[in-house]
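Student: The lines below spell out each chain.
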Amino acid sequence: MLTSPSLVNGLDIDAARKRCRRYRRRILDISQQVTALHIAPAFSCAEITDAIYNSLMRQHTDGSYRDVFMMSKGHGCMIQYVILEDKKILTSKDLDLYCKPGGRLGAHPDYETPGIVASTGSLGHGLGMAVGQAYAEQLKGSDTRIYCLMSDGEFQEGSTWEAILMGANLRLENLIAFMDYNDFNSLERISEKQTAFYPLVPKAEAFGWEAAEVDGHDEEAIVQAVLDRRGGRPLLVVCRTTKGKGVSYMENVPIWHYRAPNKDEYRQAINELSEGGI
Amino acid sequence: MRNQFADTFYQIGRADPRLCIIVADISPAGSMAKFRSDFPRRFINTGVSEQIMIGIAAGMAQRGFRPFAYTIATFTLYRPFEMVRDDLCYQNLPVTIVGIGGGVTYSTLGATHHAQEDVSIACSIPNMNVIAPCDPAETEAATRWCAQQEIGPVYLRLGKAGEPNLSSEAKTPWTFGKIRTLREGHDVCILSYGPITKRAFEVADRFRARGRSAAVVSVHTLKPLDKSGIIDILHRFAHVIVIEECAPNGSLSMRVKELAWESRAVCRLDVFTLRDQFVHCYGSHDDLLAEHGLAPERICEQLGLN
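Residue numbers (the numbering used here), protein chains in the order written: chain A, 1 to 278; chain B, 1001 to 1306.
It is possible that some hints are incorrect.
[Said to hold, decoys possible] Cross-link-like lysine to aspartate or glutamate pairs, in silico, DMTMM-like; alpha carbons within 20 angstroms at most:
id, chain 1, residue 1, chain 2, residue 2
1, A, Lys140, B, Glu1291
2, B, Lys1227, B, Glu1202
3, A, Lys87, A, Asp67
4, B, Lys1223, B, Glu1184
5, A, Lys140, B, Asp1016
6, A, Lys88, A, Asp29
Hints are computed from structural coordinates only; laboratory data are not their basis. Remember, it's a predicted structure, so these values are computed and weren't measured experimentally.
Let the hints inform the model, and build the full structure from the sequences given.
Tutor: Structural data, given as structure tokens:
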């Protein structure tokens, strides 16, 4: 069994809710400076990413992370950027220059930017690299864990299933993947046309992984799923989420995959995300 | 070449714990089998899964290892192409991908196993370095360089087995990024790389029989290309010939013509490449090269040596 990360040390639910509201508002602020950005895919994984950074990943005494976070769904990186800003790993100026000349943050994360461990954006690459990272840490004899956040669409890539097989073959206990299961490809709901996508947990288990399914906007459930693992193999946490979570007109509306709100839409979104919102 | 690579890798891997090899279902021959049994955790077989072979190599490099990914050339470069491009080249990771049987080496297996445009493709990716040694001795030198370099990804294109040593007359050691004269000459200069360099020696012998001395130069590093070395040759020799086992588009031949134009060279320039086509024939490696127009008689005929 793995030693458990400390819930008390890591997770205060009220504080987490406040943080995620703040992160969403910050992303909306940035949306007013660019023509388009991936808001809805970032909002669907806000709680998952917050739980990883603020509860699951362990830190050295100097504050640097012992564990690794891989944003495999690169188009969700806005949530990572605002968290890295909050952690003072990225600067406010970095965020202000998002997608602008002279800046270093684009619409997909780029390797060697502070806090970014891999260049992602093309789907189906992150888990493969995470398998290599986790195996490398095992070879070194370190207890570093690799947390890999994936979109549900990535599980339609053949390369992901190659990575799943090798993660199990190598018994990578230090690899923990999260599926942001918001049920939306760009075109349509996965559940409507891609029936062979299911079942999810039994499929992962059949491929040699431990797996659990939780409400992906419930941080306590996300963290608990990791704490409750039996161990000895990699873990997949299927997180049921809502694309565009937190802004009513964005939720489950495909066009918000890559669009910036106009001024009126921005004001409405900020109001919905004020104290007392989600 | 394959055995020399394995012997060299084993020697370096014994001393350097960062070295590891990820193969996709290719049988470990010779010293590779020894490496596998001596260092089982640093030998990873992904099975018939080339995308994860590259993904694991990238991830291990990001955590401080020096991985080699190793399988048949078509499957090391073409099948996982986007992983090679994004995971290795975009991130500029020090990973060596070894392509066994470059060109039409696998002469009985059909074009699914012919890496006839591998050099062109590999050279076209930013950050990628491309090396094609001509013989086992150059393979050893190149493998040592790959294992210790820090500059980025490498495509190491090898033949298969049984290649003769061609570089024993060379007066200079193998140096990454620098052309290397294998045989001195002053009338004609033949540029080549990879196992087909033996054809360059055959043609050089035919020139010698006619009383003309032909130099043979190994352009073992295709990227970064030794432009100044090649320009020097284009201006020093009255006749320059390129013989290579690569499709014409993106070939060394194309680059040499480009350098000749840019440097206003006035030499005669003849190039011999694989054809821009899939051949549907089977036989020996030489049979396949002949089908692509690279039989010695045909080359000599075009050079007026018959």
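Student: Take the hints in turn and mark each one as holding or not.
Tutor: Hints, verified against the model:
1. A/Lys140 to B/Glu1291: Not satisfied, since the Cα-Cα distance of roughly 50 angstroms exceeds 20 angstroms.
2. B/Lys1227 to B/Glu1202: violated, 26 angstroms
3. A/Lys87 to A/Asp67: Within the cut-off at roughly 15 angstroms; holds.
4. B/Lys1223 to B/Glu1184: Roughly 24 angstroms between the alpha carbons, so the hint for B/Lys1223 and B/Glu1184 is violated.
5. A/Lys140 to B/Asp1016: holds, 13 angstroms
6. A/Lys88 to A/Asp29: holds, 18 angstroms
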